[in-house]
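Now for the letters of each chain:
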Amino acid sequence: MSTPEREPRIVGFLCNWCSYTGADLAGTARIKYPPNVRVIRVMCSGRVDPTFVVKAFAAGADGVLVAGCHPGDCHYIDGNHKTFRRVPLLSRFLEGHGIDPRRFRLAWVSASEGDRFAAVVKELTETVRALGPCRVGAEGGEAAAEVTP
Amino acid sequence: MSESSAARVGVYICHCGTNIAGKVDVEQVAERARTMEGVALVKDYKFMCSDPGQDLIGEDIAREKLDRVVVASCSPLMHEPTFRAACERAGLNGYLMQMANIREHCSWVTVDKEAATDKATALVAGAVARSRHLRPLQRRRVDVNPATLVVGGGVTGIQTALDIADSGRRVYLVERDPTIGGHMARFDKTFPTLDCAACILTPKMVRVGQHENITLWTWSEVERVSGYVGSFRVTVRRRARYVDEATCNGCGVCQEKCPYKAPSEFESGLAKRKAIYVPFPQAVPKVPVIDPAACVYFKTGKCKACQKLCPTGAVDFEQQDRLVEIDVGNIVLCTGFSSFDAARLGAYRYGELAEVYTALEFERLCNASGPTGGEIRLKSGEEPRAVGIVHCVGSRDRRFNEHCSRVCCMYALKFAHLLKEKTRAEVYNFYIDMRCFGKGYEQFYGRLLDEDVRFVRGRAASVTDHAMNEGERGRLVIRVEDTLVGQTRRIPVDMVILATGLEAQRDADEVARRFNINVGKDGFFIEKHPKLAPVATATDGVFIAGACQGPKDIPDSVAQASAAAAQVLTTLARGSIEVEAATSVVDAERCSGCRLCNTLCPYSAITFDAERGVSAVNDALCKGCGTCAAACPSGAIEARHFNDEQMFAEIEGVLHDVHA
Amino acid sequence: MSPSYTYYPGCSVQATSRDYSESIRAVAGPLGLELVELDDWNCCGATAYMNVNEVLSFCLTARNLALAAKHGREVCTACSSCYQNLCKTNRYLESYPELREKVNRALAEAQLSYEGGVETKHLLEVVARDVGLARVQELVRRPLEGVRVAAYYGCQTLRPTGGEDPERPTMLEGLVGALGAEVTSFPLKTWCCGGSLMGTNEKVALRLCRNLLACAADVKAEVICVVCPLCQFNLEVYQRRVNRAYGTHFAVPVLYFTQLIGLALGLRRRELGLQRAIVPPAGPLARLVGVPA
Amino acid sequence: MSDAVSRTVLVEQGMDPEFMEQVHGIPGGGAIKRCIQCGTCAGTCPVGWAMEQSPRQIIAMIRAGMRDEVLSSSTIWTCASCYACTVRCPQEIKITDVMYILKRLAMRHDRKQSRPAAALSRIFVDIVNQRGRNNEVALMLRFMLATRPLGLLRYSGIGWRLTTRGRLPLTGERIRGLEGLRRIIARAQEIGGES
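These protein sequence lines map, in sequence, to chains W, U, R and A. Residues in the first sequence are numbered from 34 upward in steps of one, following the numbering used here. Residues in the second sequence are numbered from -14 upward in steps of one, following the numbering used here. Residues in the third sequence are numbered from 291 upward in steps of one, following the numbering used here. Residues in the fourth sequence are numbered from 2 upward in steps of one, following the numbering used here.
Hint data in this document are derived by calculation from the structure and do not stem from the laboratory. A few of these clues could be false.
With the C-beta cut set under 7 Å, the calculated list includes, among others, these residues of chain W facing chain U [what the hints assert, rightly or not]:
| no. | residue |
| --- | --- |
| 1 | Gly60 |
| 2 | Lys88 |
| 3 | Arg138 |
| 4 | Leu139 |
Derived lysine-lysine pairs resembling DSSO-like cross-links, with alpha carbons at most 30 Å apart [unchecked claim]:
| no. | chain 1 | residue 1 | chain 2 | residue 2 |
| --- | --- | --- | --- | --- |
| 5 | A | Lys34 | W | Lys155 |
| 6 | U | Lys98 | A | Lys34 |
| 7 | R | Lys493 | A | Lys113 |
| 8 | U | Lys424 | U | Lys364 |
| 9 | U | Lys364 | R | Lys493 |
| 10 | W | Lys65 | U | Lys516 |
| 11 | A | Lys34 | U | Lys506 |
| 12 | U | Lys364 | W | Lys65 |
| 13 | U | Lys98 | W | Lys155 |
| 14 | W | Lys65 | U | Lys28 |
| 15 | U | Lys513 | W | Lys155 |
| 16 | U | Lys516 | A | Lys34 |
| 17 | W | Lys65 | U | Lys513 |
| 18 | U | Lys506 | W | Lys65 |
The following label-pair restraints were derived from C-beta to C-beta distances [stated by the list, open to error]:
| no. | chain 1 | residue 1 | chain 2 | residue 2 | range |
| --- | --- | --- | --- | --- | --- |
| 19 | R | Ser385 | A | Gln23 | 39 to 47 Å |
| 20 | R | Glu405 | A | Gln23 | 23 to 31 Å |
| 21 | U | Arg580 | R | Arg419 | 52 to 60 Å |
| 22 | W | Lys65 | U | Asp594 | 27 to 35 Å |
Owing to the predicted nature of the structure, the values given are computational and were not obtained by experimental measurement. Note that CB positions come from ideal geometry on N, CA and C, so glycine has one too.
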């Protein structure tokens, strides 16, 4: 198992049109933020299947970020709304399996909000660092254990 | 799995000069990549996007029998097409190429070198793992409807429409005002050449009105947009103008005889127009519109003078709004700007002090066809002895608009020149910085210096009518620090012109939503790439041009108009375009027929096959958002290129170091 | 049911501006205002900025806000300087967490703590907005007909935080108008009277007062209506000194808006502390006040 | 600038590059880096005419690192805290608050120009310590005695007029929670201001 004082690892699912572009903008603007979030691109936050999040935790992530277009701005009309509707259930599921729901964050980041993306990453990283490493065995419970590679 | 684990992945790590290599230890990333499962070879190179860089990939595909390629460099939004093409030239399907964004998402945003190197490694590991599960896909070609929708009839929209129409293609030009012409039609002269705005614009307006390939709908607005690049369906609301465009011959009797008046929008409220009116003589179309708010018939049911006197019987009080549907292949937004409302900036007392004008008001004030016939006079009728031009009103001001409006310095110089030409007035410019960056602009500034215009370097602090001495009695006083002298001055003038800035249209947000594009913090539309794709947007087939993208002067707006037209015409020239292949597909075997996806799909691309009791995706309509795949309870839907296998692999990949 | 506020008098209103305090108490009842004085309030630190120690300057106001927080009512004060100190403390404690932490560490010494959130208003806003001009108009028994009033806001009623546009406020004019008086234009209505500079840099402060008095004379105002003890003090008490310094002959009475309200409501001179005025009213105003000949 | 009749060349050695960072780091000073030197503050300031340098120049001097000149400038003591500049600054710089910051720094470094204020400050804290409330009269009296006793005479007229109208209470009342307040003040002083 990994050492407790290691840097938190966070998996970030970003929608191609708003949040991924926003993250790119943070780059072009050279805004500095913690290196803890590892970004995975999806076309729409609506693609983010709850099992992706569970999988991420099972695979050893200490936090998960899902970012999409602001409500009403979805490139696919309302995919982000569908993502939003899944959150409560997902949070309850995580809690049910002993994973602190604060480790999971859904955020709206538009293509022009590079600074916001950086801020979100900073916040989440601090939250997760405060919560300490997410030890699947302890926190993840059997559900996570099942999917553990 | 077996087929993918046999994959031979080639990994290419780009230095991007020092952009990446300056922060990420590329050699070390390469070292670590060599140990990753399925990796056949790893190379790092100065500029992967350069020709030699691309050739490198091609050669290796052939020589080393690579069947997967990972390029770790900049954002895929930047170079995915480049590297897909490179692979395809070497006979490898472009969808078997995966990028890792180690520049925008890593080297540019990370402080610590080691951390950056670790993050880059993780991103590469994710890309490698994912790549092994990628499958070849074929892009689809869809036909492009040859018609184009141009929204906004200012100089930008006019230019775009003409460029496209002249090539023989159909253009629908939709304008919300009663006439085309936009802001430019209201200007007097244009800087720095001082040629008259109307003289150069009206001929173009007339051509639009007469052009066989242009369908001009003024007093109209786009209400709904559906479909996608190549075939959009657009619903336009043609507001009731209470005059039938077909029968009206523009004789003008109606507005001559109409007994009721309202402030003229075109004259910035400095003059009145009738309740039934054509905004200005050269308007296109020359068809009047009735303003129900001012028309007494709509209030009392009496009058109808216009109807009685209309020789062609074109006046129709019963007319209703009409919704018209059109199909187009491309859309160009030329919706322009709105000028800053000076009343928001209390210190200059606009709206309280009669002799404080906005730029647009002054344009009319010195225009020969304007309310004063081009004579610059005070409300009292006298000629001003001194005039103050205040720069940066609502611009470079965090309380209102942080941006510089780019045109104010120059039109302020134009005003100063016109004042010198038409009056004996002393003219003061109060500026923070003079920004004269265009062709011939600095020379124009020089010319104004020679014309003895006074330049005071300092933002005017306030305008007041409170006199502290006899010289100030009955005049306006501008209080300002002359920052070059280092003294505060009270400068008495008779007229103040506020160089109001350019801001986004008040409804830019809604419009952006309607056309599925993005707006920036400043409220203006965002282009696809600030340098390399200035008129394209995140949505294929939707282009932007002119001041709706950001403050612009006439030359820049017209240049963008032609650029957008060219972009549209390239798609039309081919007749068809390639669209995303990454669509969803239903596995009939596993589909339980619950129809959940049918309702979820934002494009109603999924239909239910009653006989077989399963759902199926219509490839032509699917845009590949993947929402259905995420929601399918029986996991029967695969989002191509983003399927569970690929996603899971990437998740494990980016977390490769967990158990390290 | 009458609106109720936690009332913070402030030191000047208690002392040199006793007349302000008297008139406030006199009109509160008729206006249907319940002003509950903040129990055991301390000085807001009007000049506390001079403290080398920044934390202290915020602690003083923070203590008052902490006490007020217990009552859950909006806090209202009639002194512009107190008003700004209250606003500023709220704003700073909100935007600078580390400062908030320091301040609370100090407050803890008296078992107090303040995390922000207490609404603060200037009495002018309370009367003009919460009571409302319409209501005030109904209550007028003795309209101030023919009295030319220059409505003077000064600085800290409006800046940096206040109830309305700091460049073009209208509340006071509206109120004075509702009392039946004739509101003159007053271009310098938001200009500074010198404030506490009168103590440390008299020359400068006097010139500012001169400008204001000149402006009032210019628009033929018979009285300057103020909303701040310091403005009143500088403009009235120092008026003679202005005259001496600049060889002018200003004799403009300077009354608090609450005193004008009182007059319009028909209250008597002494109830409103008008006998404490240094520059005596003249003209129509004198008749209203009923100055003993 | 009485002592600067002959204009001098500033040499970088004499400058303090840290000064701007220091001011910038203090609550209220956050925005000075944004200043575009437009002069709106100076054009607005009602007492600008009495200032050695305009507020704009002060900010420019902070940037240039002219610590000594700034902290001994009379400008910061001429500011009447009317906030007119603050509400007009297009860059939303809290200029008035910046002046407060400079006042405090000047006092901490015991600049000549800061001594009256420092004295006033001490007396003020003293009075509040005794009563919990300020007494302007006592404050001004003791201040004058401390700084220019003879000047007091000039106030006899005003004093008289106020007394006869009952507007000159010589003692103010004490608050009950005085003990607590004293502890707060003591603690606050030891916690100290910004550094």
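Quick rundown of the hints versus the structure:
Of the supplied interface hints, the one on W/Gly60 holds, with its beta-carbon coming within about 3 Å of a beta-carbon of chain U, less than 7 Å. The restraint placing W/Lys88 at the interface with chain U holds, with a minimum CB-CB distance near 5 Å, inside the 7 Å limit. Using the Cβ-Cβ criterion of 7 Å, the hint placing W/Arg138 at the interface with chain U is not satisfied: the shortest such distance is roughly 17 Å. Hint status for W/Leu139: violated, given a least beta-carbon distance of 14 Å to chain U, over 7 Å.
About 24 Å separates the Cα atoms of A/Lys34 and W/Lys155, which keeps this hinted pair within 30 Å; it holds. Simply put, U/Lys98 and A/Lys34 have alpha-carbon atoms about 28 Å apart, close enough for the 30 Å limit, and the pair holds. A C-alpha spacing of about 20 Å is found between R/Lys493 and A/Lys113, which places the hinted pair at or below 30 Å, so the restraint holds. At most 30 Å may separate the alpha-carbon atoms for a hinted pair to count; U/Lys424 and U/Lys364 exceed this at roughly 37 Å.
Simply put, U/Lys364 and R/Lys493 have alpha-carbon atoms about 41 Å apart, too far for the 30 Å limit, and the pair is violated. Under the criterion of a C-alpha separation no larger than 30 Å, the hint pairing W/Lys65 with U/Lys516 is consistent with the structure, at around 23 Å. Of the pairs offered as hints, the one joining A/Lys34 and U/Lys506 holds, with about 22 Å between alpha carbons and a cut-off of 30 Å not exceeded. Restraint check for U/Lys364 and W/Lys65: the C-alpha separation of about 56 Å exceeds 30 Å, so the hint is violated.
With a C-alpha separation of about 18 Å, the suggested pair U/Lys98 and W/Lys155 falls inside the 30 Å cut-off, and the hint holds. Taking the CA atoms of W/Lys65 and U/Lys28, the gap is about 28 Å. The hint holds against a cut of 30 Å. For a cut-off of 30 Å, the pair hint linking U/Lys513 to W/Lys155 stands: about 27 Å separates their Cα positions. Our distance criterion of 30 Å between C-alpha atoms is met by U/Lys516 and A/Lys34, whose separation comes to about 29 Å.
With a CA separation close to 23 Å, the supplied pair W/Lys65 and U/Lys513 stays within the 30 Å bound. For a cut-off of 30 Å, the pair hint linking U/Lys506 to W/Lys65 stands: about 20 Å separates their Cα positions. The hint said 39 to 47 Å for the Cβ distance between R/Ser385 and A/Gln23, and at roughly 19 Å that hint is violated. Here the CB-CB span from R/Glu405 to A/Gln23 is close to 29 Å, well matched to the stated 23 to 31 Å.
In this structure the supplied range 52 to 60 Å holds for U/Arg580 paired with R/Arg419, their Cβ-Cβ distance being about 57 Å. Look at W/Lys65 against U/Asp594: about 53 Å separates their beta carbons, and that is not inside 27 to 35 Å.
In summary, the numbered hints that this structure violates are 3, 4, 8, 9, 12, 19, 22.
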